[in-house]
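Enquirer: Now for the letters of each chain:
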Amino acid sequence: MNKPFDPVSASAAHRIQREESAGYDRRVIDYIHHAAASGLYEIRGLGAKRHLPSFDDLVFLAGSASRYPLEGYRERCTTKTVLGTRFAKKPVELDIPITFAGMSFGSLSARVKQALGRAATALGTSTTTGDGGMTQEERESSKTLVYQCLPSRYGFNPDDVRRADAIELVIGQGAKPGGGGMLLGQKVNPRVAKMRTLPEGIDQRSACRHPDWTGPDDLVIKLNELREITDWQIPIYVKIGATRVYHDVKLAVHAGADVVVVDGMQGGTAATQTVFIENVGIPTLAALRQAVEALEEMDMRGKVQLVISGGIRTGADVAKALAMGADAVSVGQGALIAMGCNHDSWFGDGVAHSAESDYAVLGTAPGFCHHCHTGRCPVGITTQDALLEQRLEPAVAAKRLKNYFKTMNMELTTIARACGKSNVHNLEREDLVALTIEAAAMANLPLAGTNWIPGA
Amino acid sequence: MESVMLDRSPATTRTFDLEGGSTRELNQFLHTDLAASGVRRVEVLNPKGAHSIAVGVNHPVEIDVQGHGGYYLGGMNKHASITVHGNVGWGVAENMMSGMVRVKGFASESAGATGHGGLLVIEGNASLRCGISMKGIDIVVGGGVGNYSAFMAQAGRLVVCGDAGDALGDSLYEAVLYVRGRIKSLGADAREEPMGAADIAGVGDLLRRAGLAYDPAEFKRVASARQLYHWNADANQEY
Numbered sequence: 000m001n002k003p004f005d006p007v008s009a010s011a012a013h014r015i016q017r018e019e020s021a022g023y024d025r026r027v028i029d030y031i032h033h034a035a036a037s038g039l040y041e042i043r044g045l046g047a048k049r050h051l052p053s054f055d056d057l058v059f060l061a062g063s064a065s066r067y068p069l070e071g072y073r074e075r076c077t078t079k080t081v082l083g084t085r086f087a088k089k090p091v092e093l094d095i096p097i098t099f100a101g102m103s104f105g106s107l108s109a110r111v112k113q114a115l116g117r118a119a120t121a122l123g124t125s126t127t128t129g130d131g132g133m134t135q136e137e138r139e140s141s142k143t144l145v146y147q148c149l150p151s152r153y154g155f156n157p158d159d160v161r162r163a164d165a166i167e168l169v170i171g172q173g174a175k176p177g178g179g180g181m182l183l184g185q186k187v188n189p190r191v192a193k194m195r196t197l198p199e200g201i202d203q204r205s206a207c208r209h210p211d212w213t214g215p216d217d218l219v220i221k222l223n224e225l226r227e228i229t230d231w232q233i234p235i236y237v238k239i240g241a242t243r244v245y246h247d248v249k250l251a252v253h254a255g256a257d258v259v260v261v262d263g264m265q266g267g268t269a270a271t272q273t274v275f276i277e278n279v280g281i282p283t284l285a286a287l288r289q290a291v292e293a294l295e296e297m298d299m300r301g302k303v304q305l306v307i308s309g310g311i312r313t314g315a316d317v318a319k320a321l322a323m324g325a326d327a328v329s330v331g332q333g334a335l336i337a338m339g340c341n342h343d344s345w346f347g348d349g350v351a352h353s354a355e356s357d358y359a360v361l362g363t364a365p366g367f368c369h370h371c372h373t374g375r376c377p378v379g380i381t382t383q384d385a386l387l388e389q390r391l392e393p394a395v396a397a398k399r400l401k402n403y404f405k406t407m408n409m410e411l412t413t414i415a416r417a418c419g420k421s422n423v424h425n426l427e428r429e430d431l432v433a434l435t436i437e438a439a440a441m442a443n444l445p446l447a448g449t450n451w452i453p454g455a
Numbered sequence: 000m001e002s003v004m005l006d007r008s009p010a011t012t013r014t015f016d017l018e019g020g021s022t023r024e025l026n027q028f029l030h031t032d033l034a035a036s037g038v039r040r041v042e043v044l045n046p047k048g049a050h051s052i053a054v055g056v057n058h059p060v061e062i063d064v065q066g067h068g069g070y071y072l073g074g075m076n077k078h079a080s081i082t083v084h085g086n087v088g089w090g091v092a093e094n095m096m097s098g099m100v101r102v103k104g105f106a107s108e109s110a111g112a113t114g115h116g117g118l119l120v121i122e123g124n125a126s127l128r129c130g131i132s133m134k135g136i137d138i139v140v141g142g143g144v145g146n147y148s149a150f151m152a153q154a155g156r157l158v159v160c161g162d163a164g165d166a167l168g169d170s171l172y173e174a175v176l177y178v179r180g181r182i183k184s185l186g187a188d189a190r191e192e193p194m195g196a197a198d199i200a201g202v203g204d205l206l207r208r209a210g211l212a213y214d215p216a217e218f219k220r221v222a223s224a225r226q227l228y229h230w231n232a233d234a235n236q237e238y
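Just so you know, the protein sequences line up as chains E and U, in that order.
Counting from 1, position 357 in the first sequence corresponds to residue 356 in numbering that gives the first Met the number 0; the numbering is continuous, with no gaps.
Counting from 1, position 11 in the second sequence corresponds to residue 10 in numbering that gives the first Met the number 0; the numbering is continuous, with no gaps.
Isolated chain U, as found in the complex (with noise of 0.2 Å):
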């Protein structure tokens, strides 16, 4: 869905410079009139590490932000793919569903919280607890990733090409993640498992899809070992 072709002509193209608007009319823009328009391309100016830039977005739509977004860029997103030619704030693309979020630069905390669906790339590094809680959407960081990452992980997959921090995928679910660097700690009930054919053949689609040139065979796998499914197995359910 990433490669649809894009009208870049001006006349399909709504700027939006946050030097002197504000974010309002953009979220408006976006959630109201962008459907009938006819824009198929907006782009915001001088975001100055606003807040909540492009959040909630549901609509097929090219949006570029020209500099550093603050926290929740491009919250909820459904259908939209969002490029930040810049750094972000926390919870970047957080409770996405669907379409797709870049970050050109590096990522604050909670990147990808709680994504349903579509797919985050952060180019860079990204910070503590990167997807957190994450319900089957797919990221992709190109550096590496701080603390506490995938913690509580549900659904989808994590792709690291550096390092990840302590803790990785503390209390996983069903969430699969992929690291090419050295993991410092893994979490409760995290573990390492072989990668199979599925994971390389996965991998390498989703690093072909966020353009990074990395070979999947280099990539370790973690998954749920599955013993905190319960709460005690000793106790034989006893509670």
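Okay, chain E solo, but in the shape it has when bound (with noise of 0.2 Å):
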């Protein structure tokens, strides 16, 4: 004979259970699912995922009855931008303050590293080589190219030292700070692996440490020698990934830096461990707090040009990182957005041709992608593949990425004419509150509303 039916119970019996723990998470879930079956850690592109606090967390004071605010259309709103005004005999002038980041050719493909010398030519602003050396097309593409002297040194020689325009030393990366760099096996072609001296095909994995000079009384004497092999003419600038950055920034000041480089955690990377990615570095904005905090205490302000990375994806990123203190910003992952990166077609003879499959086969979609360390770039970018970087047409990213860039200095303009400035140099700390207490306490701004500044 069947029960009676009770309601409480059975609706008990046949629930099915979705809370999910906040601990194992399905994230987590998926990450020891992962570990279990592969006993390697996973090693992917992008930069954090994580939410931090970030410049979305401030908001600018613009003019009103006690600052008036300069005509949106009408009224003139410089952008020049000059870095390396302190040894430098020949500074970087620029006419935008934001730059492209230091990306690898082998990261890269050759026809992006010259898409990006087309637009920053074209922009009036700079481009960066990167761990793999200086190409001939990314050298005769950009007016203004900085070079990369990196741990691993593949590629460097005095011939493009002496062609170059800037030269950076790379002490970290903000997406890994205290890391080398990473290109596996499947994108160490033989154009790659001739220019790193590395044989064809190998999991590339670049030192962490210089492997001649140790500590910043030997950085001194390594950013002389760069001097000393350039004639004292162009800029040197040293990048570090944002750790200690208040410590950092005075080191690298006293060691005779021009222009100092800070990469916050959220910068991008096109292979590195996740581990490493999310929890190692310090976010951008607590980053570059500090390094204005350690130039202001050294007066040198002014005369040593800060230029801050690692997440500046909008003109009111720029906005608050020129009016926190920044010279200028450079932006990486952005710009590998604007030429399609995660963008569900490449474009070929103007025809948009989808690349769904192509990102379904690598166990991702368009919007979530960081497969850069694949090799297998469904939109050509990340890629050292013959056919797939065709899918790249270089005129057509310069062009995304001149838009890009061009969309970002003019909102940066539109701040700086409300906030009541001639030239988006003059934004400055007062314009700005935060919207959170953490944003607040790490940006050291005032909370909306309020003359509190945690910790202040």
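Since the hints were made in silico from the structure, they are not lab data.
Every residue, glycine too, gets a C-beta built ideally from N, C-alpha and C.
Take the hints with a grain of salt, since some may be wrong.
Said to hold, decoys possible - Estimated spans, in silico, between C-beta atoms of each pair:
#, chain 1, residue 1, chain 2, residue 2, range
1, U, Arg225, E, His32, 30 to 38 Å
2, E, Lys88, U, Ala212, 48 to 56 Å
3, U, Glu191, E, Val219, 38 to 46 Å
4, U, Glu191, E, Val81, 54 to 62 Å
5, U, Gly104, E, Arg243, 53 to 61 Å
6, U, Glu18, E, Glu92, 33 to 41 Å
7, U, Ala187, E, His32, 51 to 59 Å
8, E, His33, U, Lys103, 35 to 43 Å
9, U, Ala187, E, Lys88, 24 to 32 Å
10, E, Arg243, U, Glu191, 40 to 48 Å
11, U, Asp204, E, Val81, 49 to 57 Å
Reassemble the complex: the two chains are provided individually, in unrelated frames, and hints are given to aid placement.
Expert: And the structure:
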């Protein structure tokens, strides 16, 4: 005989449990499954995906009764930016304070490097080599090219030093401060291998420390050597991954840097261990504030220029960075996205071709892809594959980059004018307030609507 | 290329005394005025451990440094033949492309680091990390080398006539190392291999050019076992 229907216990028996654990959420479960299956940490591209205090947590106080704004369409607002005024006889002069970040030939195709150079030249800004040497394509297409000197010294040579417009000595990178570069075997094709003096197809793991200097006292001597080789003509930048920024900036200035580049933890990468990307370094917002404080304490604001990078995506981000004290910003991941990274299509012969099935082969989809490390970029950007790289047309990519940077620059001047500045470099901390206590504390700015600066 | 006869007459020799002058003047001359000057030999007096002596030279010239040099002597050299009549600090001939650097005394750390070409001869001992990340340079050390020498060395040859310290050739790529004396320990992925006829001939040639009269057959060959070229073979590239 059937039991009488009991709505209370029936509901309990048939309920499907959907309460997700905070500690063991789907992300952590997937991580453990992957680790158990492979016995190897995950390596991926892109930067930190976790939520971090950022420039989004700041807003501007524009002109009002006590400050008057400039006319958005009539009154001039200059964006000219000069980097390297301390020692270099030929500082880098840029039309806009937005530059292209260092990204290697190897992680990117030669066609992408060429597109970056073309766009930079058209925009009157600079582009930067990476951990793989300087390609002919990028030198020829770039009016202003910054040449990186990295721990690996892959492809580093005096001829390219002599034809560089600035040298950037790289101590660290925001995505992995304390870690060396990585390029998995799929991307070490014959040309990449030859430029790096490596066997083809190996999983390349670069050194994380420079081979010929250790510590700040040696750095003084190393920078002097680079200056001697370049006859004190061009600026020497020092790039650090954001960790102990306050001290590192002081040491870089002490060592004789013309320009300090600080890369926060939102900075991108083409291949790094996820555990590194998400757990090492500090957010760009916090790094910028510490860098500016270090320069101010040394009375070096305006004498040593500060470039900030790591998650600069919009004109608002640029404006906030400048207001906090940066002289310029560098954009890497945003530039790749402008060229089509994570787009559902690639463009060839004026026609859009769906890339969705290629994303699916990688186990991902447009909007979620971080598979730069595989070399199988569905839109032909982070690849060394002869067929895939054809999916990026340098002229089209350069145009998209130019549009993106011009948009950011217009947004920057829009905000600057609203704040009453005829020069974007006149944006100041007083123009900013924070929306969250965390951002207020990190940026040393008042919480909006109060005079409270946590920790001040 | 090192056997080219050089005109040593006073008319073609230029002397820089670093006692009253500066490394800057020396390097500026080497970079700009040297090529059209007719100078074939440069003599550097009283270096007294100064850093960055004769860096970035891009011209065939004979340079004699009469004393001790500091860091990066002959750094990024191309074409020049530099002789140091003394000891040198860190990074002698770092990233050298071609030409020759000879140190009559001892060399400190990272001698010949990341060098792409040319010949570096250290007649005495070399300290830690000699030949680190070398990319094609040939290095001959008359004495011994310190720990971690040829770390991540990518290409080129390192010949050590004395002993080698700990972790020789750690994470080697395609560079080949030859050691006549005792090797305290080999680094990860480095292994001893038999000397072949080509090794004997190559070491013999390098010793001859370095002016060292050892028998090439006395040397041991160390090269990469190539077990670290890929992340983890057991994981079947599942990353």
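Enquirer: Can you give the numbers of the hints that this structure goes against, from lowest to highest?
Expert: 5, 7, 8 and 9
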